[in-house]
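S.K.: Work out the full structure: start from the sequences and follow the hints.
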Amino acid sequence: MTLGRFFVRRFHQMRVDVISRDIIKPSSPTPNHLKKFQLSLLEQLGPTIFGPMVFFYSGNNRIKPAEQLQKLKKSLSETLTHFYPLAGRLKGNISIDCNDSGADFLEAEVNSPLSSLLQEPSSDSLQQLIPTSVDSIETRTRLLLAQASFFECGSMAIGVCISHKLADATSIGLFMKSWAAISSRGSIKTVGAPVFDTVKIFPPGNFSETSPAPVVEPEIMMNQTLSKRFVFDSLSIQALQAKASSFEVNQPTRVEAVSALIWKTAMKATRTVSGTLKPSILANSASLRSRISPPFTKNSIGNLVSYFAAKAEEGTNQTKLRTLVSKIRKAKQRFRDNHIPKLVGNPNATEIICSYQKEAGDMIASGDFDFYIFSSACRFGLYETDFGWGKPVWVGFPSVRQKNIVTLLDTKEAGGIEAWVNLYEQEMNLFEQDRELLQFASLNPSVIQPFLHVL
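With our numbering applied, the sequence shown covers 1 to 455.
The set of hints was computed from the structure by calculation and includes no laboratory data. Accuracy of the hints is not assured; some may be wrong.
Straight-line alpha carbon distances no greater than 25 Å define the calculated SDA-like cross-link-like pairs of lysine to any residue that follow [to be verified]: (1) Lys412 x Ser236; (2) Lys189 x Gly381; (3) Lys342 x Ala213; (4) Lys332 x Cys354.
M.R.: Written out as structure tokens, the structure reads:
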């Protein structure tokens with residue numbers, strides 16, 4: 001039996017047992033004047049799902065699991081005093097009751113070493129290391145759940161689920177960095193205190209049961225959708241950027257180059273399986289933090305995202321890599337120059353944002369377009385999240401099982417990108433064998449080579 005098969009066999013037997021569940025409350029009570037937290041328009045339009053992340057840490061002889069657990073709980077309690085809405089309860093699509101009800105904290109044991117998971121990571125294994133499913137009934141009221149899972153080798157995983165009704169990926173990263181700073185250094189000073197100011201720029205919409213917010217909820221398809229990980233190392237990305245460059249876009253960014261290749265490959269697979277040539281749309285999430293004027297602070301917490309859309313018609317000229325990069329760049333520029341100025345200080349901003357959201361929902365529902373949603377958590381510094389026992393050996397993303405979703409993350413090694421791609425099974429079978437894609441990406445390579453001795 002080869003070593004690879006041994007790891008795969010052990011991986012398939014991985015079992016995670018939850019052995020305790022606590023409620024962690026803020027270390028200081030929330031003042032009365034902060035008890036009612038109003039959702040901004042952008043939060044009202046956010047999907048009712050959790051944003052999940054899992055951080056993996058190798059075993060540490062200097063600190064025992066019991067000490068790590070106590071440190072995590074104590075520091076979470078202190079962190080919730082700063083992030084007080086996360087300890088409250090969601091009240092419909094209007095507000096958060098900041099009543100200090102607390103956040104769920106689960107402790108779990110894994111019956112295998114971390115190396116067996118990292119040999120062949122999968123979305124299914126990551127799902128077991130977060131405290132609830134991303135679309136669970138808890139999304140209606142809860143805003144934060146956390147889980148510490150201990151492997152038999154002494155390594156651990158910290159999984160979080162944070163509601164998109166309050167937090168985008170940047171906000172989740174800020175929360176994790178703050179929790180880690182308090183755990184490792186006893187202070188939030190190095191990160192800075194969170195700022196809850198989105199409602200000042202984007203006041204809530206006047207929605208009701210008869211006229212609800214046009215929220216585009218994800219359609220979860222566990223049985224039909226496959227989620228797979230593709231890794232682009234820094235050298236491959238440099239080669240891809242060179243191939244994707246053109247007169248119009250002389251220096252594509254890492255994210256533009258990788259996004260264009262994935263879009264091209266997915267488009268080809270979808271059109272082959274369906275036998276149709278529908279127009280293809282790439283909707284890319286874009287943070288509003290630095291794009292509006294005056295900009296939000298870097299520590300602003302909220303669902304501060306919108307989307308820009310690039311469109312490719314049928315025809316080979318439309319699907320060349322350089323053409324797709326150019327379409328993405330132009331869509332980003334249109335978003336910056338034409339869309340964003342309409343959002344701030346405009347009495348009609350609510351109507352503009354809602355019509356934009358409704359148009360996207362109608363396009364997806366119509367079935368007349370192949371629609372792909374891309375989001376990037378690159379350059380978030382997630383690998384700096386140190387709770388006091390070292391930086392993570394890997395950060396995993398338990399992907400939402402919605403078709404045609406792509407999430408990009410940094411690799412631990414500088415300059416690389418991990419892409420989690422969700423497609424229907426037939427389309428994935430073609431996508432993962434695409435020759436051009438495999439010139440630049442590896443299908444789910446092992447994470448553990450450099451760290452095997454400590455896992």
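S.K.: Indicate, hint by hint, whether the structure satisfies it.
M.R.: Do the hints match the structure? See the list:
| no. | hint | in the structure |
| --- | --- | --- |
| 1 | Lys412 x Ser236 | holds, 15 Å |
| 2 | Lys189 x Gly381 | holds, 17 Å |
| 3 | Lys342 x Ala213 | holds, 19 Å |
| 4 | Lys332 x Cys354 | holds, 20 Å |
Checked against the numbered hints above, the structure violates none of them.
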